[in-house]
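Engineer: One letter stands for each residue in the lines below.
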Amino acid sequence: METRYGSLGPAIGRAEPRTSAVKQDVLDLEHRPEAVLSVLEADQLFAAKQHAQLGRAQLSRGARVLMWGLRIYVVVMFIIVAMQVVHVFRG
Amino acid sequence: MTKDTTLRLSAQTPHQAGSASAVPGDLRRLITHEDVDRARDRLAVVRARERGVPLYQRLLRLSWLLVGPGVLVFLGENDAPSMLSYAATGAQFGIGFFVPFVLLTFLMGFIVQEMTVRLGAVTHRGHAELIFDRFGKFWGRFAMGDLVLGNFLTLVTEFIGVRAGLGFFGIPPLVAVSGAMVLVFAVILSHRYWTWERITLALAMFNGLFVPAALLAHPQWGAISRAFVTWSPMPAGGLFKPDTFLIIMADIGATVTPWMLFFQQSAVADKGLQAPDIRGGRIDTLVGTLLAATFGIATVVATAPLFAKGINASDYQAAQFAQALQPLIGRVGATLFALGIFEAGLVAAITISTSSAYAFGEVLGTPHSLNRPLREGWGFYGVLLGSALAAGALVLIPHAPLTYFVLIVNVIAVLAMPPALLFLVLLSNDPAVMGEHVNSRWANMAIIMVTAVLVLAGLGFGLQTVFPKLFGGGG
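Taken in sequence, the protein lines are chains A and B.
Just so you know, we're using this note's numbering here: the first sequence kicks off at 222 and counts up by one.
Just so you know, we're using this note's numbering here: the second sequence kicks off at 7 and counts up by one.
The shape of chain A in the complex, shown without the other chains (with noise of 0.2 Å):
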């Protein structure tokens, strides 16, 4: 069966005790490099995360508005939690 485990598959499909082949497969993980990315996508590897690049995003005006519409709603709203909170001690 195809697998996407590359130099792992012949050590699944082995007829032979589960035990030991999978300390061998952990072993291999250790060892073989091809081993981890037989099994990890590739930006799935810290590495890879460092370097990669996804971009800024296009955003609509729309977005931009609500984006700042929202933020200036959390500031108004601390704002009035903050009057709460003096308020309800000095009570």
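Treat the hints with caution; some may be incorrect.
[Said to hold, decoys possible] Some chain A residues judged to face chain B by a derived CB distance under 8 Å, without partners named:
id, residue
1, L291
2, M304
3, V306
4, V307
[Claimed, not checked] Chain A stretches covered by chain B per the calculated footprint, using a threshold of three residues with CB under 8 Å from any CB of chain B:
id, region
5, 263-271
6, 276-283
[Unchecked claim] One side only, chain A facing chain B, incomplete, derived with CB under 8 Å:
id, residue
7, R292
8, Y294
9, V295
Just so you know, the hints here were simulated from the structure itself, not pulled from any lab data.
Values in this document were obtained by computation on a predicted structure and should not be read as measured data.
No residue lacks a Cβ here, since even glycine has one placed at the ideal position from N, Cα and C.
Assemble chain B onto chain A, guided by the hints.
Structural biologist: Showing chain B alone in chain A's frame:
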């Protein structure tokens, strides 16, 4: 590493299935301990999908492997202030409107959190990282500011819960808080995401202590059933009475908070989930939702006897709830309640401090995985432990005003959600990021409704605070 090794995501196929030949040769030399551990976890999932074993065994094994971020985020959100909000709800309003309302808030939470599963599984990135990448530093810093403020305030309340829960047993605050800190430190010592996840899940299951506490309160099942169907009786004085509206806000904030978005997406990425695991991640999230909703409603039911007896619990702290309940549900019931509050604070302290650590690491580009040993992830673990230490220390300040602080923190969480939800919606509708896994029309409608509810609730709170006499409050 040169620019030639940069991986650029395409709009057509943002993520290719793993293929060693597709990865630049330089990367082979940069496989880290974190990558190996994540690959080990992936290998277990891959093996669990192999044919040759009965289907039910495969499904059980897969469920065991994939459960984690969803259950943890919801049981972590059943934290000390949340459980105290539910306790206050039951004590002030009994069985009625709030029982189905709490369930509704969890439905809202599921709608939101499901999107983080897709984002994490498809992009393999944390939420903070994505926001900074796609929207830039200006908006990223706003998002981080909300998260840092909210997380720190919430962490303080978790240690309030730890202190109060163990205070019922006469344990001094310093011992209680120090003991919780030791546990927070201990769960990360394995430097394996899998181990950390399993230990924290086991601790989170103790959130279920509120269920036997509720059963010991001899609940009126007829009243509970009627409440689910009719949403009544309504709170006296209407929903906009100041005390009632505060509880509404606190109950919403008990299930929908910014840290949940950041935590679950980062945990999904750290766990190594991929697109084929999205369905499993959804089930994990649904299980978490249902468990947390059950435990939250159980807390409302557990304290309903206080309402029935006409006991004024509006100023109660956590330990006072347990003490007040003892004559009504017995020493065992009160003990379970107090232990539940302690667990709620402890598990949330673990998950929320981890959420902050993930976000800092993602933004600064430093290692940020529970698969890293301490020496490799010292910044990540430093933020995790440092934030917990600072929050715990504040709780030990004598005569600190803790009671009101607990309720208002949930209110702050509700107010900070709308911008966080907007980022979530924009990202989960972005084809360059999500490919074929962008939001469906139904998902967009649902999230817009959730956002509208939160904005209206926040506006209601604001109006009520500025014009209290309009709502029957004020002097």
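Engineer: So, for every hint listed, does it hold in this structure?
Structural biologist: Verification of the supplied hints:
Evaluation of the A/L291 hint against chain B yields a held restraint, the C-beta minimum of about 4 Å falling below 8 Å. The criterion of a C-beta within 8 Å of any C-beta in chain B is met by A/M304, whose closest approach is roughly 6 Å, and the hint holds. Annotation: A/V306 was flagged as interfacial toward chain B, and the flag holds, the nearest CB pair being 6 Å apart, inside 8 Å. Proximity of A/V307 to chain B is violated relative to the hint, the smallest CB-CB distance being about 11 Å (cut-off 8 Å).
With a cut-off of 8 Å between beta carbons, the region 263-271 of chain A has 9 residues touching chain B; three or more are needed, and the interface restraint holds. Counting residues of the region 276-283 of chain A whose CB falls under 8 Å from any CB of chain B gives 4; the rule of at least 3 is met. A cut of 8 Å between beta carbons decides the hint on A/R292: the least distance to chain B is about 6 Å, and the hint holds. The closest approach between the C-beta of A/Y294 and any C-beta of chain B is roughly 7 Å, which is under the 8 Å cut-off, so the hint is satisfied.
Because the closest C-beta pair between A/V295 and chain B is about 6 Å apart, less than 8 Å, the hint holds.
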